[in-house]
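Peer 1: Protein chains in written order, with the UniProt record's numbering: chain A, 1 to 404; chain B, 1 to 448.
Keep in mind the hints are simulated off the structure, nothing from the lab.
Check the hints yourself; a few may be wrong.
Claimed, not checked - Examples of chain A residues lying across from chain B (beta carbon under 8 angstroms, computed): (1) 149; (2) 278; (3) 285; (4) 323.
As the list claims (entries may be wrong) - What the simulated footprint calls covered on chain B by chain A, stretch by stretch (three residues with Cβ under 8 angstroms from a Cβ of chain A suffice, anywhere in the stretch; the number is not a length): (5) 79-90; (6) 95-104; (7) 279-289; (8) 318-332; (9) 345-353.
For glycine and all other residues, C-beta sits at the position ideal for the given N, C-alpha and C.
One-letter residues, chain by chain:
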Amino acid sequence: MSLITPSNRSKGRRKGGPRNNENNRIYGNPLPVIFNTPTERPPIYKALGLFGIPIHEILNPHCEGFVDVATRSVWVSDSKQSMLLWQRGFFGKGDLSRSEPSWLARQINARKQAGKGLTSEEITAKRRAERKQFKLDRAQAIAAAAADAEAAFAEGRVVPTPGVAPDGTRLIPSAATWKPSTSLEEVPQLTQDDDDEGDGDTELEEPLENIEHLQLTFPEAFFLSWTLDCLTVCNSEGEPLTLAQVWTLFQDAHSPTLLLSIPPPQRRFDNPFLVNYAVYHHYRSLGWVVKSGIKFCVDYLLYKRGPVFHHAEFAIVVCPVYEDPADQTNSPFDLQNASPFSWSWLSTINRVNSQVQKTLILTYVTIPALSRLREDVLSSPACLAHYSVREVVLRRFIPARMRD
Amino acid sequence: MVVWTGRNYRRGYLFHLQCISSKWTYSSTSTARPVIPKRGEKDFEPTSAGGSGLQLHVLDRSRNAMFGALRATRTIANKSISYAVWYPDIARAHVTVARGIHFTAMGHSVARQNAAEDGSSKLQKRLELLPEEALYLVERGAMLCFKQTQADITGMDDIEGAPMSVQQAFAEMIGQEDLSLEKYQVFAYFRRLGYVVTRSEPPTSAYPAPPPLQVQKAVSPSVFQRLYSLFPLFISRFSRIWRRSFDWWRPLGLGRWIYYDMKYATIFRSLRFIPSGHSVPPKSTEPRPVTKSSPYKIFYNIYKPSTSFRKTAPPPPDFFVVVVDARSTVMPSLHELTALFDVLPETPPPLPRQRGVPSAKPPNINAPASNSPLAPTLQPPSLSLRRMFRWMLPSTPAPPSVSTQQQKPNPFAALKAGKRSAVIAAVDAGNISFFRFSQGAFEEWPMI
Chain A
1 MSLITPSNRS KGRRKGGPRN NENNRIYGNP LPVIFNTPTE RPPIYKALGL
51 FGIPIHEILN PHCEGFVDVA TRSVWVSDSK QSMLLWQRGF FGKGDLSRSE
101 PSWLARQINA RKQAGKGLTS EEITAKRRAE RKQFKLDRAQ AIAAAAADAE
151 AAFAEGRVVP TPGVAPDGTR LIPSAATWKP STSLEEVPQL TQDDDDEGDG
201 DTELEEPLEN IEHLQLTFPE AFFLSWTLDC LTVCNSEGEP LTLAQVWTLF
251 QDAHSPTLLL SIPPPQRRFD NPFLVNYAVY HHYRSLGWVV KSGIKFCVDY
301 LLYKRGPVFH HAEFAIVVCP VYEDPADQTN SPFDLQNASP FSWSWLSTIN
351 RVNSQVQKTL ILTYVTIPAL SRLREDVLSS PACLAHYSVR EVVLRRFIPA
401 RMRD
Chain B
1 MVVWTGRNYR RGYLFHLQCI SSKWTYSSTS TARPVIPKRG EKDFEPTSAG
51 GSGLQLHVLD RSRNAMFGAL RATRTIANKS ISYAVWYPDI ARAHVTVARG
101 IHFTAMGHSV ARQNAAEDGS SKLQKRLELL PEEALYLVER GAMLCFKQTQ
151 ADITGMDDIE GAPMSVQQAF AEMIGQEDLS LEKYQVFAYF RRLGYVVTRS
201 EPPTSAYPAP PPLQVQKAVS PSVFQRLYSL FPLFISRFSR IWRRSFDWWR
251 PLGLGRWIYY DMKYATIFRS LRFIPSGHSV PPKSTEPRPV TKSSPYKIFY
301 NIYKPSTSFR KTAPPPPDFF VVVVDARSTV MPSLHELTAL FDVLPETPPP
351 LPRQRGVPSA KPPNINAPAS NSPLAPTLQP PSLSLRRMFR WMLPSTPAPP
401 SVSTQQQKPN PFAALKAGKR SAVIAAVDAG NISFFRFSQG AFEEWPMI
């Protein structure tokens with residue numbers, strides 16, 4: 001079956017299906033910490049169980065990550081921990097992959113040349129190749145039909161409708177009815193490293209080492225280590241950092257004096273880390289999966305359960321609002337979207353997201369005034385209670401269609 | 001069947017024709033009626049330099065169709081035309097002869113002093129039009145407007161004044177009574193589609209006022225009220241702080257090993273301590289964050305064509321429109337949006353399509369989405385006790401659920417619709433883009 005045609009699953013199979021059940025099983029936990037009832041039950045638990053008090057044990061996967069200030073991210077190198085963080089809550093992104101760290105799986109597939117477990121990158125590549133072939137076929141058909149019409153006109157005959165043969169069949173293929181003429185046997189090779197010498201047996205090839213790591217952005221890393229306590233952030237030497245050190249490090253990483261060795265200036269409320277973290281925390285606490293939205297000109301995308309289940313429904317644009325305009329003029333950070341932007345840019349973002357059926361949300365974050373609060377409020381996450389988040393939904397309004 | 005190729009035809013071409021139809025020219029079948037030709041399929045590019053023979057032929061035919069449509073004279077029957085007199089000093093057009101169905105949705109009656117012949121003046125009610133309404137009818141060709149003059153030049157007794165051309169009408173009426181070209185374009189666009197457009201703020205007392213809207217305004221409370229309700233969640237958490245020694249460095253306190261009835265929902269709920277929602281206005285150090293000259297005020301009330309509209313008692317409007325010039329203004333800031341939303345009523349979340357039996361009356365869906373600043377987290381202590389001894393208590397009936405399966409609103413539809421919405425029309429040199437800004441309520445529809 002061609003990948004570019006819309007899948008025609010019957011309605012009965014939509015809810016169930018082995019793939020959905022598999023996804024529900026693998027990605028069923030929304031957070032890395034999981035609960036389970038302990039298998040060995042001391043008597044006190046049994047007594048409490050009689051009263052109807054369920055006792056849970058919290059399993060905390062203590063993951064470890066290394067901070068990289070230049071890229072403003074935290075790297076998790078252990079592959080088991082990476083998969084765990086991805087599967088429970090969709091945190092992070094593999095640095096050599098599209099989303100899930102699948103570089104190793106792709107290398108194994110490329111070596112074996114067996115398309116059994118196709119990763120998402122391979123599926124995308126296959127679909128794109130098919131679509132390119134379809135477009136070539138269609139262009140040829142259109143050119144042929146136009147040449148026919150032109151010849152008929154030159155001779156003075158009645159010009160037929162282009163694209164329809166005299167017997168009524170359609171000449172120009174459409175995406176719904178096109179089938180690839182030759183089955184694409186070759187899965188497009190993504191890397192051609194050591195296929196020349198390999199011959200299927202792995203003894204002669206060097207063992208594959210997973211060089212991919214999982215990258216967590218600063219808001220994600222802070223959420224994991226602060227609220228859930230399941231991530232330990234280490235600096236480049238490998239020493240684990242305390243939460244207070246992590247808090248200051250994440251803020252200082254955004255200061256413009258980062259590469260100079262002078263200490264950073266006075267801490268401010270409009271640090272980009274604080275503003276972005278407020279938004280990230282707000283939506284995570286409501287149960288949404290928050291991922292980067294750079295692909296659609298926005299800041300964040302909200303998924304209901306995760307990217308593997310359904311496309312994102314909402315696209316978030318973070319608009320910081322200063323309580324005190326003097327803070328904005330004195331600010332060393334140039335926060336994006338702090339001033340209201342022009343209608344043409346708003347129209348652009350809205351159109352891009354409407355094309356992919358996402359609703360644009362403007363999230364206004366109010367930044368407290370420096371004059372109102374003391375600076376030492378910034379030394380702990382207690383300052384987050386002074387921000388506030390408001391949403392405004394933006395949609396196009398088409399009067400011709402709203403008449404009913 | 002031959003396929004047309006070429007540009008698309010805009011209906012607007014026809015409406016920019018200049019036409020004066022008066023008593024002297026008799027509109028008859030001698031002038032061809034304008035016909036808007038059918039659209040065809042677009043071709044991608046010329047096949048050879050300048051286009052092939054077939055393409056050029058089709059292009060010529062399309063152009064002739066367009067010029068033919070534009071060349072035709074627009075006419076109106078004598079019996080359908082209305083007459084009006086424009087008074088520049090009061091910026092109103094007084095309709096002397098009203099014909100057609102336009103006046104069911106336009107115009108208002110005003111009592112004016114009418115100087116009778118014998119010198120005494122008495123109040124008489126007459127039909128008057130706002131500048132945009134008059135200009136719309138003149139441009140359409142449905143009304144002939146005369147400008148008020150002192151001398152009688154037409155020689156007709158029933159009509160006084162000098163006839164105005166369409167250009168003169170534009171020049172006279174744009175700029176009067178807070179009407180700009182952008183606002184007129186939005187008005188004309190909605191009227192052509194069939195909507196009823198009225199002004200939100202009556203320019204004079206004689207203009208029928210729109211009905212007062214039930215608004216829950218976010219009033220600026222007293223200092224004590226503000227302290228209590230400023231950060232509703234924060235205050236509720238604060239009370240929890242003293243009970244459970246809340247540590248900002250460990251907001252969940254997950255260091256312990258065993259927990260009573262811990263679920264993901266509990267974890268997520270206890271993480272919601274960042275204040276959110278529109279129920280409290282945003283703070284600002286400036287005394288007036290919204291300047292007086294801000295263009296973001298509701299200007300037009302729009303009613304759908306299907307509603308029965310009575311001029312004397314207008315129903316609640318369907319949409320509220322703000323008109324701005326896209327080149328000279330930027331997007332509204334948060335304070336301007338808040339000021340805009342404050343005057344609007346709330347709309348309940350949209351119900352899903354009724355399948356099978358339609359329900360009699362949708363229940364008040366706003367019950368779960370209560371706007372009271374008291375956080376819902378004050379309930380858990382009593383509920384948990386009840387849950388602990390559920391096996392002992394007699395079976396209590398479950399609290400009546402507000403919504404049955406059919407009537408529960410879809411969270412995504414409710415999130416996308418928002419609570420209050422305003423339409424902002426950004427006019428960019430004649431091109432109008434409509435955007436619907438709604439108040440989002442994500443905190444009322446958590447996913448977990």
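Peer 1: Hints first: check each against the structure and report whether it holds.
Peer 2: Going through the hints against the structure:
1. 149: 6 angstroms, holds
2. 278: 6 angstroms, holds
3. 285: 4 angstroms, holds
4. 323: Result: holds, 5 angstroms to nearest chain B Cβ.
5. 79-90: violated (count 0)
6. 95-104: violated (count 0)
7. 279-289: holds (count 6)
8. 318-332: holds (count 6)
9. 345-353: violated (count 0)
Violated hints for the displayed structure, listed by number in ascending order: 5, 6, 9.
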